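Assemble the dimeric complex from its two separately framed chains, guided by the hints.
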Amino acid sequence: MLEQDPGCHLPLTRRELLLAGASSAVAAAHAGARAADAEPPARPLKEVPTADITLQVNGRAHALTLDTRTTLLDALREHLHLTGTKKGCDHGQCGACTVIVDGRRINSCLTLAVMHPGAQVTTIEGLGTPDHLHPMQRAFVKHDGYQCGYCTPGQICSAVSVLDEIREGIPSHVTADLNVHPLLSIDELRERMSGNICRCGAYSNIVEAITEVAGGTTA
Amino acid sequence: MRPFTYERAATPAEAAAAVARQPGAKFIAGGTNLLDLMKLQIETPPHLVDVNALGFDAIAPTPDGGLRIGALVRNTDLAADARVRRDYAVLSRALLAGASGQLRNKATTAGNLLQRTRCPYFYDTNQPCNKRQPGTGCSAVAGFSRQLAVVGASPTCIATHPSDMAVAMRVLDASVETVRADGRARTIPIADFHTLPEGHPEIETALEPGELVTAVTLPKPVGGTHVYRKVRDRASYAFALVSVAAIVQRDGSGRVALGGVAPKPWRDPAAEAALPHGAKAVTDRLLAGARPTADNAFKLPLAERTLAAALAQARAA
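So the sequences go chain by chain: A and B.
Quick note on this note's numbering: the first sequence kicks off at -5 and runs consecutively.
Quick note on this note's numbering: the second sequence kicks off at 12 and runs consecutively.
You may find that some hints are simply not true.
Said to hold, decoys possible - Below, a list of computed lysine-lysine pairs in the BS3-like style, where the Cα atoms sit at most 27 Å apart:
#, chain 1, residue 1, chain 2, residue 2
1, B, 37, B, 50
2, A, 40, B, 291
3, B, 37, A, 81
4, B, 231, A, 40
5, A, 136, A, 81
6, B, 50, A, 81
Hints in this document: simulated from the structure, not taken from any laboratory.
Since we're looking at a predicted model, the values are computed, not measured.
Same shape as in the complex, but just chain B (with noise of 0.2 Å):
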C-alpha cells in the first residue's frame, strides 16, 4: 500500500471539499473494496477522508411513502430492516445474495454502489487495462472472459459491474442524493448513476471529483411479489454470473433488471412490457444488443433460464 494522510471529517461539506481540493484524494466509509484495491496498488489515494463519523446512518420514511436510506447503512442493516424486508424484499434478498457476513457488517449502502470491477485484468496490474489505466488496451476481450460483460460494454472494456444490490436499486427506481464540493444537493436517478465504458471505461458513475453520495431513497412500495435469483459458481459468497431481480404483479406485469451481464445493472421498461409474454420474450429484448465473447456467450441463454426461474418462484409465491 502506498503511504497517505487521513482526516475524519465532521461536516458532508468539509468532507466533499477535502476530497475535491486534493487530487487523488479518495473518501473511505466500510472500506472493504477501497483497502482490498489500495494493498494492490490499484487504487493509490494520496489522501483519505474518513466519512464515518458524518452520520448518514439511519432508514428514515420520506414524505411520499418511500424510505430515505443513509448512505452509511451497513449493508447487514439494510437487509434486515423489517420495512426493507416487508415493502423492498428484493433488497434484503439481494443484499443477502452478496459478500459474507463480515463483509456485509462493514460494506456501506454507498459503497456498494461504487465498488469497482473484479475483472481479473482490472486486478492484476501486470495486464493493460483501460480502467485501470486509461489508452493502455483491455486484456479480458481476447482473454478470459467468462464472468464478464455481454451487453452494454465497449470494445475498449468488457468488465461488469459486480453488486447485487444495485440491481436491486435498480429494479426499485432508487435515487441516489448527494452534496458536491461547493456544498450544493442533488438527486440522481439510478438509472443514470453508473455509466457505460464507451470510450471511458475509467469514469463508472456520473459523480463529479468530490461528489459525496449522502443517501439512497426509495420511491413509495409497489407491491407485487420480489424475487433476486442469483446463479454462481459456489452457493455462497460468490459473484453472479447472471443474476434477476424481478417484482411481478398478479396480472403479469411487472419489472426485471440483469446483474453480472452489463457494467451497470440492465433494465430497459420496454423490454418489461413483454413480461406476460414470458421470459424468452423479455431477454430476447433485453439482450438484443449483446456482444458475447466465445467465454461468456453461455450468459445468454442462463439469462433467459434464470428470469424464467424467477418468474416461476413468484408465480408460486
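In isolation and in its complexed conformation, chain A is listed as follows (with noise of 0.2 Å):
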C-alpha cells in the first residue's frame, strides 16, 4: 500500500515554517545592512533541492517528496510521524537513531532517505506493538533495561541485529578466534552493543535482556 506523506496536507511543513523564518530574518539583517553600506537588495532563497522517494517502512511503502538534505531519521519522524525512533546526538556517536535496514542496524542519522530506494526499514514501531511486544522489548521491560526510556529504541533494534549477527558468525573486535563461530557471552554484547550510549547507565540490565533473549546464560 501506498501512503502519501502526510506533512504535505499541511498548507507548510514545519521546516517550510522554519526556512520561511530564517528567510525573513536574513532579510531584515541585509536591510540593515543596505542602509550603512549600499548594498544591492537581498535575492530571495533559491529553491532547495527535492527528490522524489518511495520507503519501505514496516512493511509499508510511502512515497514522498523530500528536501535532498533530509535524513533517514528526519524522514521516520518529521515525515511519517514514527517518532519512535529518537535523534541523540545527530552524528552517529549515540545510537539512539538506530534502525535496521535491510536486515542490518546503521545509525539512519548518518544517511539521506533518497539513498534508500526499496529498501526495507524495520524501526521500533514494526518490531512489535504495546499488545504484541517483540521478545526484546519484554526483556528490556522485564529486567529493567533502561531508566529514562531514550536510548531505548534504539539499544533494542541494536540488540535484535547484534543477536542475528552472532548467529550469522559475524566477528567482533573481542572475539578470540576469527576462524571459530563468536560465542555469546557479556563480553562479546558489551563490545558489540559499545555504539548505543545509555546515560542512564542500564548497561548491565541491558545485557541481562539481550542474554534472556539469546536463549543462553551469560558466564
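Have a look at this one:
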C-alpha cells in the first residue's frame, strides 16, 4: 500500500515554516546592512532541491517528496511521524537513531532518505506493538533495561541485530579466534553494543535482557 | 546542511564525469563521515553523486592469488569474509577495532580510506584550520594536541589519519584501483595513496578531481602471525592514540605499520629490518623524524610499548 507524506496535507511543513522564518531574518539583517553599506537588495532564497522517494517502512510503502538533505531519521520522525526512533547526537555517536535496514542495523541520522529506494526499513514500531511486544522489548521491560527510555528504541533495534550478527558468525573486536563461531558472552554483547550509549547507565540490565532473548546464560 | 542536488550514477565513468563536471561535487557511498561533516558545514558540496548502484560490492580472488575488494564492500562484510579472516587477519582485526557495529554496516572500503581527520580544530568551524580553510593557520600546533600526529606532520597541520583499516592495508601492501573522469583506470600503491600535508594539508590523497576508487586489491597472502593492537581512551568505539598492525614470521622478521601517529599509515621497510632486535630498535628508526608536542610526546614510548606487546602477542600465538 502506498501512503502520501502526511506533511504534504499541511499548508506549510515545520521545515518550510522554519525556512520562511530564517529567510525573513536574513532579509531583515540585509535591510539593516543596506542602509549602512548601500549593498544590492537581498535575493530571495533559491528553491531547495527535492527528490521523490518511496520508502518501505515496517512493511508499508510511503511515497515522499523530500528536501535532498533529509536524513532517514528525519524522514521517519518528521514526515512519517514514526517518533519511536530517537534523535540523540545526530552525528552517529550515540546510537539512539538505530534502525534496521535490509536486515542490518545502521545509524539513521547518518544516511539520506533519498539513498534508500526499495530498502526495507524496520523501526521500533515495526518490531512489536504494545499488545504484541517483540521478545527483546519484553525482555527490556522484565530486566529494567532502561531508566529514562530515550535510548531504548535504538538499544532494542541494535540488540535484535546483534543476535543476528552472532548467529551469522560475524566476528567482533573481542572474538578470541577469528576462525571460530563467536560465542554469546557478556564481553561479546558489551563490545557489540558499544555504539549505543545509555546516559542512565542501564548497561548491565540491557546485557541481561539480550542474554535472555538469546536463550543463553552468559558467563 | 547546505542544500545540494542529488543524482544516482549508473556507471563508474558516468559517476566520475558527474563529479568532475561540477566544482565541489562529491561521491557519496556509506555517507557516515561525509554527512557528519556536511551537517557541520565542514563539507558543503553543491551536488552529491550516489555511487551505491555501481556494484563494486564483491570480494573476488585475483589471478595472482590475492583478493580484489570492491570499493563498496561494507566494513562488516570485509571483516567477516572467511578468506580475509584466514589469510589477512590483520585486516579483519583492524576493521573490528574501528567504529561501532552500526557504522561498520554502512561504511565502505573506499570511504574508510577517504575519511577525514578527527582533529578537534578541523571540526570546529570557529577556529583557523589549514585543512578546512587553506591559509588560515593551524590551531592545533599550539592547542590541544593529545590525539594528534607526532611524525610526518608539518607546521601547517598536525592532523592524523583516523582509519584503522588503512593501517592494515598499508602493512598488507594493498593497491587502490580507480577510474578517472575521462574513463581511464589506474592503480595506486597504498603507500602513495595518502599524502603528507607539507604546504597543502587540504590535499590528502593522490586522487584527481572526479577520480573514483573502484576496488582495493591485496597481494597473495604472506602468512605469518597477524596482530592489530589499538590503544585508545575507551575499550571500544574510540579512535586510536596509537595502533600497531604487524605481521610476524617464525624467524622473527616481519612487517609493521603504525596508526594514530601520522597523517597517513606509518611504515618504513628499513625500520622493519630491525624487528629481530625488538620493538625499540624498530620504533627508534620508524619514529626517528618525530616532532611531538608537549601534549602528545607520550605517543613515542607508547608506540614502542604497543609494538612490544604486539610482538609478544605474535610470539604467544
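Tested hints:
Proximity of residue 37 (chain B) to residue 50 (chain B) is assessed by CA-CA distance (about 15 Å); at most 27 Å being required, the pair is judged to hold. Of the pairs offered as hints, the one joining residue 40 (chain A) and residue 291 (chain B) is violated, with about 60 Å between alpha carbons and a cut-off of 27 Å exceeded. A C-alpha spacing of about 26 Å is found between residue 37 (chain B) and residue 81 (chain A), which places the hinted pair at or below 27 Å, so the restraint holds. Restraint check for residue 231 (chain B) and residue 40 (chain A): not satisfied, since their Cα atoms lie roughly 53 Å apart, outside the 27 Å limit.
Taking the CA atoms of residue 136 (chain A) and residue 81 (chain A), the gap is near 25 Å; set against the 27 Å cutoff, the hint holds. Using a Cα cut-off of 27 Å, the hinted pair residue 50 (chain B) and residue 81 (chain A) holds, with the two alpha carbons roughly 14 Å apart.
In terms of the numbered hints stated before, the structure departs from hints 2 and 4, listed from lowest to highest.
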